[in-house]
Amino acid sequence: MQSTRIYGPRTLPTIQRWVEYLRYRVVHWITILILLAGSVIVLAPFAWTIATSMRLPAESFTVPPQWIPTHPDWSNYREVFRKIPFWNQILNSAVVAISVVIGQLATASLAGYAFARLEFPGKSILFWLIMATMMIPLQATIIPVFVLISKLGLPDTLASLILPSLPTAFGTFLLRQYFLQVPKEYEEAAMIDGAGQWWIFSRIYLPLVKSGQAVLAVLTFNYYWNEFFRPLIFLTSKERFTIPLGLNDLKGYMMTGSISVVLAGVVLSLIPVMFVYLLGQRFLIEGIMMGGLKG
Amino acid sequence: MQAATPMRGSSGWQFSPIAWLAEDTLAGIARRRALLGYLFVLPTVLGILIFTAGPVVVSLGLSFFKWNVFQPAEYVGFVNYRRLFNDLRVFISFVNTLKFVLLAVALQIAVSLSIALAVSQRMATWLRYYFRTAFFLPLLMSGAATGVVLGYMLHREFGVVNYYLGLLGIPRIPWLNSSNWVLYTMVLAYVWQNMGFTLVLFIGGLNNIPPEILDAADVDGATGWRRLWHVILPLLSPTMLFALVTGIIGGLQIFDIPYVMTRGGPGDASRTAVMVMYESAFKNMEVGYGSSVAVILFILIMLVTAMQFWLSKRWVFYQ
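Taken in sequence, the protein lines are chains V and W. Taking the numbering used here, the leading residue of the first sequence gets 1, the next gets one more, and so forth. Taking the numbering used here, the leading residue of the second sequence gets 1, the next gets one more, and so forth.
Worth flagging that the hints you see were computed from the coordinates, not collected in a lab. Among the hints, erroneous ones may be present.
[What the hints assert, rightly or not] To be clear about the criterion: a stretch of chain V counts as covered by chain W if any three or more of its residues have a C-beta under 8 Å from a C-beta of chain W, and this derived list gives those stretches:
(1) 30-39
(2) 90-99
(3) 122-134
(4) 140-147
(5) 179-191
Note that the structure is a prediction, hence the values are computed from the model and not measured. Each residue gets a CB set at the ideal place from its N, CA and C atoms; glycine is no exception.
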């Protein structure tokens, strides 16, 4: 696009400098316009979902779409709760996501601290073994895990989703990175003052890795709220479904009858993740970048 | 570690582990820290052994058995693998998956890198914030919701996408009804949903490039494409490697979007490897056969990842 320049811009004659400047502005505004168009396309499914969820059920699948609901019809939102046990499903997703978040924060904080700050024989072997398991895809373990869940008498319970998710190789790695950033001097000073090991961990280190825990919490919540594969296998009754399963089920149930009811369900299912995103977007983005920079 | 101080000697006194741990010396502190270390890693190590490491080994074992859950398992050697390599449906699903991964990862990286470069230009803060949020938002949607929403929008007769294409004079596209189209539709839906992830990675990578290097490139007269190709991309290559590795691992496991949108159809045109594994193990109750599909998928993921790290020595540049 641009030719090679041998000299820097300041040595160019005035007219050429103007052309250069103009070209820069034009390219700049064209990219902004393309970005705007792109963002409209990317956001369109959201706008369409919200708008269509407020259309009359009979009109829901007719074109042209109505982007701005002039006569919003809220009946679809009532209907979702009638068609499927929607409250149960929202609650189930919340129970699973929140339990897994709390559980992973506990196990990963403990293990991350141990791997970062404590010395014990076999530490590095254990650490690398755990890291190696991050490579294992869910599908390679799901069949034996399902057998185990059945043996424990847990199929079709939320516990079947929560229990296997409590240990986390990724979370352990993530929090270890945060613990490593805390200066060792803090610990030494506390030890000289006679502080016990648990006290050092819980009172000095834990408060200093809060942002790491927030990163893990936001990523984990998002993942388990939206998870589909395991619930599909582990859960069988509609009252136990999590919300993604419920939506899939509702879609099959409504066929093309009234899609606005299904879309009302989608909108409702998005509210909690949006809320978590608003609160913790900094941590969500930090978490993704951590992976990228450290990996 | 330090050897224990006085221990079970033949002398009169007894060894007390509590006193041994509570000893008020440096050795005692080290012992307490080691014990705490084991206690702290115990839940994670035990959990991963039970729910990840153990099951992988069991999966491998199960793949040599014939088992329908109701009757006792029967050892059959390599029968499942022999059957798998002659199973046209499995073959098609793996080809679909590979095609999908190739297209989806390439498109996702191309699109998100372009957006990251465009967004990192000088512009008003609110505008930058708006773009970042807009392109990131689909990542918050579940694969199931994505499948539902885009499935409706791409409906051949009543879909809003074909309606607008129709206004432009483009005939109705059978997004989900034609075996020629459906895989591309999956790629588009998947990239729509996941683009935000790589976008954030690339924005982070670009922010991490020291401004001095860009200034130096400027002084040397490297602008436009040359600057992109010879300066920015090499500095971005570690991020690119991460995006590629995670993108390919994630893509090979694609399941929810095609499952919700088409259940693998029409025919087998959007059936993926994980879908075949799911169907054999949990629908047809052929646990051993399903395990063999899972093992092959796992091996494929390991091979592709190892290959990428091996190839990366040639193109990834670390500062």
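Tested hints:
1. 30-39: Check passed, 6 qualifying residues.
2. 90-99: violated (count 0)
3. 122-134: Our answer is that it holds, as 5 residues pass the Cβ test (under 8 Å) against chain W, meeting three.
4. 140-147: holds (count 8)
5. 179-191: Answer violated; 1 residues pass the 8 Å Cβ test.
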